[in-house]
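Participant: Residue strings, one per chain:
2 protein chains.
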Amino acid sequence: MILKISHIAIAVKDLNQPVNFYKNILKCDVTKPHKYPNHGIECCFVHFQNINIELMSPITPNSPISFFLKKNYYGGIHHICFTVENLLSVRDKLISKGIEVIGDGVPQIGSRDKKIIFLRPKFCQGTLIELESDK
Amino acid sequence: MILKISHIAIAVKDLNQPVNFYKNILKCDVTKPHKYPNHGIECCFVHFQNINIELMSPITPNSPISFFLKKNYYGGIHHICFTVENLLSVRDKLISKGIEVIGDGVPQIGSRDKKIIFLRPKFCQGTLIELESDK
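Protein chains in written order, with my numbering: chain A, 1 to 135; chain B, 1001 to 1135.
Extracted from the complex, chain A is given alone in its bound form (with noise of 0.2 Å):
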């Protein structure tokens, strides 16, 4: 069902010094950053051997990101994203165990350009975990 864990999402005030701290303190590769106005968001990602953190900052006031950051000033760890092999049937077999998913059930496009959507965190030890198509 679940292929591997994709990302980790880390939501920050504005990248500068998430990107210092990784690149040139950690010494990490870091992407460009890139921005998603539709979901009113910035990103970069961090690569690791074996997943990437995906940086996340505002670039609008009322970006669900900007909503989390007024409730943890520093920022602070926002989702983990497991990659799953059809999204659909995992998304239904879930809904069925009794495990909410957020908004509408319909998968939008998420920054990694796949189709993605999230589970409530109240069913996932608070966790808010979005899982994402592996194609």
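Hints are computed from structural coordinates only; laboratory data are not their basis. Treat the hints loosely; a few may be bogus.
[Stated by the list, open to error] One-sided excerpt, in silico: chain A residues whose CB lies under 10 Å from chain B:
hint, residue
1, 43
2, 59
3, 79
[Unchecked claim] The list that follows gives simulated cross-link-like pairs (lysine-lysine, DSS-like), each with its CA atoms no further than 25 Å apart:
hint, chain 1, residue 1, chain 2, residue 2
4, A, 32, B, 1070
5, B, 1070, A, 122
6, A, 93, A, 4
7, B, 1070, A, 23
8, A, 122, B, 1115
[Unchecked claim] Simulated coverage check for chain B against chain A, where a stretch passes if three residues somewhere in it have a Cβ under 8 Å from a Cβ of chain A:
hint, segment
9, 1013-1021
10, 1024-1035
11, 1039-1046
12, 1063-1077
13, 1101-1110
14, 1125-1133
Glycine included, each C-beta is placed from N, C-alpha and C at the ideal position.
Please arrange chain B on chain A, whose structure you already have, making use of the hints.
Facilitator: The following block gives chain B in isolation, referenced to the frame of chain A:
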């Protein structure tokens, strides 16, 4: 400096519900719980292809995880752990760059029987980062 991300740690009230979620619903491989009285926690690991999730629940009321759960009712992502070569050298380099280590900076033994230190979240985008020795 950083070899990989070792694991993502999620704090939970008890292990029963999350083990059911990961083992029976998501069909992941989950290890048997193990108690670490020195840290006041009970843990198990969920194995993915590329990384592990550590599920941690408190076994004492004054465990740091008990404190975290008071602020996060449903649980939540507690920290991420980087595997590093030469832990003491990395610690000293980070301190020289103004990154604070929690406590006296002397490595402790973590739940995977490796030497560990933690970085103070306010210097790491609000993220609690554990550094774990590769040996």
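Participant: Take the hints in turn and mark each one as holding or not.
Facilitator: Structure-based check of all given hints:
1. 43: Constraint on residue 43(A) not satisfied, violated at 14 Å.
2. 59: Hint violated; residue 59(A) Cβ to chain B Cβ min 17 Å, cut 10 Å.
3. 79: 8 Å, holds
4. 32(A) <-> 1070(B): 38 Å, violated
5. 1070(B) <-> 122(A): 15 Å, holds
6. 93(A) <-> 4(A): Holds: residue 93(A) and residue 4(A) sit about 18 Å apart, inside 25 Å.
7. 1070(B) <-> 23(A): 34 Å, violated
8. 122(A) <-> 1115(B): 33 Å, violated
9. 1013-1021: holds (count 3)
10. 1024-1035: Held - the segment 1024-1035 of chain B has 4 residues with a Cβ nearer than 8 Å to chain A, which meets the minimum of three.
11. 1039-1046: Since 0 is below three, the answer is violated.
12. 1063-1077: The restraint on the segment 1063-1077 of chain B holds, since 6 of its residues have a Cβ under 8 Å from chain A and three suffice.
13. 1101-1110: violated (count 0)
14. 1125-1133: holds (count 3)
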